[in-house]
Amino acid sequence: KQEVTQIPAALSVPEGENLVLNCSFTDSAIYNLQWFRQDPGKGLTSLLLIQSSQREQTSGRLNASLDKSSGRSTLYIAASQPGDSATYLCAGIYNQGGKLIFGQGTELSVKP
Amino acid sequence: GAVVSQHPSWVICKSGTSVKIECRSLDFQATTMFWYRQFPKQSLMLMATSNEGSKATYEQGVEKDKFLINHASLTLSTLTVTSAHPEDSSFYICSARRDFQETQYFGPGTRLLVL
Numbered sequence: 157k158q159e160v161t162q163i164p165a166a167l168s169v170p171e172g173e174n175l176v177l178n179c180s181f182t183d184s185a186i187y188n189l190q191w192f193r194q195d196p197g198k199g200l201t202s203l204l205l206i207q208s209s210q211r212e213q214t215s216g217r218l219n220a221s222l223d224k225s226s227g228r229s230t231l232y233i234a235a236s237q238p239g240d241s242a243t244y245l246c247a248g249i250y251n252q253g254g255k256l257i258f259g260q261g262t263e264l265s266v267k268p
Numbered sequence: 003g004a005v006v007s008q009h010p011s012w013v014i015c016k017s018g019t020s021v022k023i024e025c026r027s028l029d030f031q032a033t034t035m036f037w038y039r040q041f042p043k044q045s046l047m048l049m050a051t052s053n054e055g056s057k058a059t060y061e062q063g064v065e066k067d068k069f070l071i072n073h074a075s076l077t078l079s080t081l082t083v084t085s086a087h088p089e090d091s092s093f094y095i096c097s098a099r100r101d102f103q104e105t106q107y108f109g110p111g112t113r114l115l116v117l
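Protein sequence lines correspond, in order, to chains L and G. Under this note's numbering, the residue at position 81 of the first sequence is numbered 237, and the numbers go up by one with no gaps. Under this note's numbering, the residue at position 99 of the second sequence is numbered 101, and the numbers go up by one with no gaps.
One chain only, chain L, in its complex shape (with noise of 0.2 Å):
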């Protein structure tokens, strides 16, 4: 069963810290991986996708990185705001045109 987990399921910080948002799934035959932010009961918002092929993918503070032989994918945060603070969600697709498997979501807190 193709199953994707992000641990921990919450996590709080204080401003200006660098983090790392985790996330494993089953099935290494992963086709991408996509990272989410979701504000409280709002929609979400596509951070980063990366392909299979690749192993990371960056966007100015963030920065993806994708290991399917151990399957794992991590989100790294740079210097963190308070704006920052939301749920983070990852998803896999496991074939072309596939649907989105959801991890459980870390929700984030970056105290001032």
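These aren't lab readings, by the way, just hints derived from the structure by calculation. A quick note: this is a predicted structure, and the numbers were derived from the prediction, not measured. Misleading hints may appear alongside valid ones.
Said to hold, decoys possible - Calculated lysine-lysine pairs in the DSS-like style (CA-CA distance at most 25 Å, straight line):
1) G:LYS22 x G:LYS66
2) G:LYS22 x G:LYS68
3) G:LYS68 x L:LYS255
4) L:LYS224 x G:LYS16
5) G:LYS22 x L:LYS157
6) G:LYS66 x L:LYS157
7) L:LYS157 x L:LYS198
8) L:LYS267 x L:LYS157
9) G:LYS16 x L:LYS157
10) G:LYS22 x L:LYS198
11) L:LYS198 x G:LYS43
12) G:LYS57 x G:LYS43
13) L:LYS224 x L:LYS255
14) L:LYS267 x G:LYS43
15) G:LYS16 x L:LYS255
16) L:LYS157 x G:LYS43
17) G:LYS43 x L:LYS255
18) G:LYS16 x G:LYS57
What the hints assert, rightly or not - Simulated DEER-style distance windows between Cβ atoms:
19) L:GLN207 x G:SER75: 47 to 57 Å
20) G:ASN53 x L:SER184: 22 to 32 Å
21) L:GLY172 x G:PHE102: 39 to 49 Å
22) L:VAL169 x G:SER56: 39 to 49 Å
23) L:GLY172 x G:THR82: 43 to 53 Å
24) G:THR82 x L:ALA234: 23 to 33 Å
No residue lacks a Cβ here, since even glycine has one placed at the ideal position from N, Cα and C.
Take the given structure of chain L and dock chain G to it, following the hints.
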């Protein structure tokens, strides 16, 4: 570009009534739309995938007669929750995808509360 809207954003209804939620792609044509459900503090669970002009494909455990999906045009899909009950109260999110692209663009969600 790639904006997806949902209407309504909030709906409260009595048990037994039917509720229709609209999902629109505002600036692109969406050959495929997806409907998700999210319970508090939980992740998104895919309910069904709809392709324009054809019947929706429902995930295991989702009642197709209860959750009616129509994708009549390339910019509009609707989800109708028939004879809603309190256990149907949830956050419903749609997403849309262009043809030949992987990225899904998500709507802002619709919160349904059934009394």
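Hints that the structure is at odds with (numbers, increasing): 4, 5, 7, 8, 9, 12, 15, 18, 19 and 24
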